[in-house]
Amino acid sequence: MNYKLTIAWLYPDLMSTYGDRGNIYCLTRRCQWRGIGVSVLPITLENNKQDLKKTDLIFMGGAQDRQQRVAADDFIQNKGPILKEMIKKNIPALFVCAAYQAAGHYYKPYQGDPIPGASIFDLHTEHPGDQKQRLISNCAAKIINPTGLKGITIVGFENHGGRTYLGPKMKPLAEVLAGGGNNGDDGFEGGICRNAIGSYYHGPFLPKNWLVADWLIGRALEKKYGKEIKLSLLPDSEEKQAHQAILEKII
Amino acid sequence: MIRQYFAILIAKLVWKISTLFNLGAGGTWPGELALAIDPFLLKKLAQKLKGTIVIAGTNGKTTTSLMVKTILEGAGFKVISNSSGANLVNGVVSSLIQISSISGSLNGDFAILEADENALPAILDNLSPDLLVCLNLFRDQLDRYGEVDIITEKWQKAIRKLTQKTKLVLNSDDPQIAFLGKNASLKTIYFGLNDKIGQKKTFEHATDSLFCPSCGSRLKFSAVYYSHLGWWQCLKCDLKRPSPQIFNWDSPLPGLYNKYNTQAAAASAKVLKIDEAVIKKGLKRVRPAFGRQEEMEYMGRFIKLMLSKNPAGFNESLRTALDLKANNLLIVLNDRIPDGRDVSWIWDVDFEMIPASIHLTLSGDRAYDLGLRIKYSGLKNYLLETDLQKAVKQAVGMQVAGEKLFILATYSAMLDIRKIISGKKIL
Chain U
1 MNYKLTIAWL
11 YPDLMSTYGD
21 RGNIYCLTRR
31 CQWRGIGVSV
41 LPITLENNKQ
51 DLKKTDLIFM
61 GGAQDRQQRV
71 AADDFIQNKG
81 PILKEMIKKN
91 IPALFVCAAY
101 QAAGHYYKPY
111 QGDPIPGASI
121 FDLHTEHPGD
131 QKQRLISNCA
141 AKIINPTGLK
151 GITIVGFENH
161 GGRTYLGPKM
171 KPLAEVLAGG
181 GNNGDDGFEG
191 GICRNAIGSY
201 YHGPFLPKNW
211 LVADWLIGRA
221 LEKKYGKEIK
231 LSLLPDSEEK
241 QAHQAILEKI
251 I
Chain E
1 MIRQYFAILI
11 AKLVWKISTL
21 FNLGAGGTWP
31 GELALAIDPF
41 LLKKLAQKLK
51 GTIVIAGTNG
61 KTTTSLMVKT
71 ILEGAGFKVI
81 SNSSGANLVN
91 GVVSSLIQIS
101 SISGSLNGDF
111 AILEADENAL
121 PAILDNLSPD
131 LLVCLNLFRD
141 QLDRYGEVDI
151 ITEKWQKAIR
161 KLTQKTKLVL
171 NSDDPQIAFL
181 GKNASLKTIY
191 FGLNDKIGQK
201 KTFEHATDSL
211 FCPSCGSRLK
221 FSAVYYSHLG
231 WWQCLKCDLK
241 RPSPQIFNWD
251 SPLPGLYNKY
261 NTQAAAASAK
271 VLKIDEAVIK
281 KGLKRVRPAF
291 GRQEEMEYMG
301 RFIKLMLSKN
311 PAGFNESLRT
321 ALDLKANNLL
331 IVLNDRIPDG
341 RDVSWIWDVD
351 FEMIPASIHL
361 TLSGDRAYDL
371 GLRIKYSGLK
381 NYLLETDLQK
391 AVKQAVGMQV
401 AGEKLFILAT
411 YSAMLDIRKI
421 ISGKKIL
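As you go down the protein sequences, you meet chains U and E in turn. The first sequence runs 1 to 251 under UniProt numbering. The second sequence runs 1 to 427 under UniProt numbering.
Check each hint, because a few of them may be wrong.
As the list claims (entries may be wrong) - Think about it this way: if two alpha-carbon atoms lie no more than 20 Å apart in a straight line, the pair counts; the simulated EDC-like pairs of lysine to aspartate or glutamate are:
#1 E:K154 with U:D130
#2 E:K236 with U:D74
#3 U:K249 with E:E385
#4 U:K249 with E:D143
#5 E:K236 with U:D236
#6 U:K249 with E:D365
#7 E:K200 with U:D13
#8 U:K108 with U:D73
#9 E:K182 with E:D130
#10 E:K12 with E:E32
#11 E:K424 with E:D387
#12 E:K157 with U:D65
#13 E:K201 with U:D13
#14 E:K220 with U:D13
#15 E:K375 with U:D236
As the list claims (entries may be wrong) - Simulated coverage check for chain U against chain E, where a stretch passes if three residues somewhere in it have a Cβ under 8 Å from a Cβ of chain E:
#16 133–141
#17 196–207
I should point out that these hints are in silico values taken from the structure, not numbers from a laboratory. Even glycine gets a Cβ: it sits at the ideal position worked out from N, Cα and C.
Model the full assembly from the supplied sequences, consistent with the hints where possible.
What follows is the structure, given as structure tokens:
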């Protein structure tokens, strides 16, 4: 059987500051190398909701403040509610950095009123003030949820001022090995709700964490074709080397 | 006066000591100390000159500075400048102190000062230049500089405080830079490209300013040169690219980005009332700056070294190397402080443009990240060597006589490669 997936790339021209494109490259190549048909549908301000509904896997990346403000209305009012529905139906998704924050209930700046989010994830973010340091560094964590990925390490780079706190409907993705994680306090990094993952490991999260990419592809196929589909193994030596090099650098 | 005298004396002493013992901090330390003793020193020293020119922007500062310097020298002026490693306030002061006498008189007519993006406001607080040249703003080392929009805001505030003495030289093709002139009461001259050659209709992925700096709507571009530089206009609020007064001057160096540097230099020289013929002649004499398309020889082979440190610049370096028929390429990625700790940006570089036939060698602190990036670009054949010295040797070894090795390297890697080539030890 010829499988085929459509990946929604949310706001590639707005929410794409730190090499976020790497995630799309990783997902598409890993499908192609396995003979899975794949297409990427960029979803930005001008796209309507119906385009989004046709997709099988969702990705949204990080942004600069101004770009995020430009996307915010459309995200909260138009795309957000659709995404929420899709995620409820187990469509897999990845939200990194600013997208992870924006998918929560709100972001509370140090001064001023909270900025509402899309409430896709049960979490909120607070900025502790200029006196508290931004969390900026290479980082690593060990996955605790989902069970299919439990025990593997993830590596990346984080750069955020906001501290994120998960609500009861959100499970933590991983335990911090190095770096700040969600808030620098509780020792957790990222979050997961059904098949939707959020992480502070910004930009190209998936290439060095290729097993997470495969997990997302696996869930997308499972959802679309209604059965478990075993993914063929790929030679991942470059991925392993780059992953290992970061672990050795910081742990 | 005594304070100034003392500040210069101490700074000169520290400078001597640090060069004598090779302490390596001679570029910034003396200035730091001098400013602590006399906070107004920069202003005082700059006043002694015929003019000061501050050059800011993500890419092209060093080359543009060199172009302006060469033109002014051709016009018979004595010009002093800071090196790119000394582009914070302390470095700028250090550079001036080095050529000042103890009494504070300067042996020069013009000072050309490169300003780090973050340091520009502080530098402008300390001196009012005759010319402020703003080249472009691209995402670069976000962990250190922060985001493009935040830098623009800081620049806007700093420019608002300048006196009528300062004239602005702005890039008309970069929306955020051009917008700096919109509400400024200062005399402004715009430079840009009006050439059909090199124009594209679509954007590359690495762009930062596609939305109106005034009203936030999506801008319409009728032509794109590279990244977000092009002919832009806002259909909603009528803000549009100002017509550049300076354009289409012949660039002495390859690459679209050097065309922009050339227009910026020519515009600056025009504002300083340099004769057009002298500008033309000066530009012809320009040779590549330190590590910027610098040509060198190593083991009997030719090397072109191109500093490439952010997506917009890297894409332009790659394009230029390929236009020059590069067949042998060494890419070096470091993640030290001057490079930026975060190497995520390599996923915004269009490595996909590299043809499969090219000899490709990868190295640097983050060689494995590069290897992974290259794998996902679809290229299969490359050599990865984490030891930089060996990597340079191997890459040179693959070279056919008469060919050039093109090296694209981040800042600290560029410095190391220059050391390797000149036979010095790298630490």
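Results of checking the hints against the structure:
1. The straight-line distance between the Cα atoms of E:K154 and U:D130 is roughly 17 Å, inside the 20 Å bound, and the hint therefore holds.
2. A distance of roughly 18 Å separates the Cα atoms of E:K236 and U:D74; the hinted pair therefore holds under the 20 Å criterion.
3. Proximity of U:K249 to E:E385 is assessed by CA-CA distance (about 17 Å); at most 20 Å being required, the pair is judged to hold.
4. With a C-alpha separation of about 18 Å, the suggested pairing of U:K249 with E:D143 holds against the 20 Å cut-off.
5. For the given pair, E:K236 sits about 49 Å from U:D236 by alpha-carbon distance, which is inconsistent with the 20 Å threshold.
6. Restraint check for U:K249 and E:D365: the C-alpha separation of about 10 Å stays at or below 20 Å, so the hint holds.
7. The suggested pairing of E:K200 with U:D13 holds, with an alpha-carbon distance near 18 Å, which does not exceed 20 Å.
8. At roughly 17 Å between alpha-carbon atoms, U:K108 and U:D73 fall within 20 Å of each other, so this suggested pair holds.
9. Between E:K182 and E:D130 the CA atoms are separated by roughly 19 Å; this keeps the pair inside 20 Å, and the hint holds.
10. The straight-line distance between the Cα atoms of E:K12 and E:E32 is roughly 12 Å, inside the 20 Å bound, and the hint therefore holds.
11. The suggested pairing of E:K424 with E:D387 holds, with an alpha-carbon distance near 15 Å, which does not exceed 20 Å.
12. For a cut-off of 20 Å, the pair hint linking E:K157 to U:D65 stands: about 18 Å separates their Cα positions.
13. Using a Cα cut-off of 20 Å, the hinted pair E:K201 and U:D13 holds, with the two alpha carbons roughly 16 Å apart.
14. Using a Cα cut-off of 20 Å, the hinted pair E:K220 and U:D13 holds, with the two alpha carbons roughly 14 Å apart.
15. Restraint check for E:K375 and U:D236: satisfied, since their Cα atoms lie roughly 10 Å apart, inside the 20 Å limit.
16. A stretch counts as covered by a chain when three or more of its residues have a beta carbon under 8 Å from one of that chain; for the segment 133–141 of chain U and chain E the count is 3, and the coverage holds.
17. For the segment 196–207 of chain U, the stated coverage by chain E is satisfied: 4 residues place a CB nearer than 8 Å to a CB of that chain, which reaches the threshold of 3.
Violated hints amount to a single one, hint 5; each of the other numbered hints is respected by the structure.
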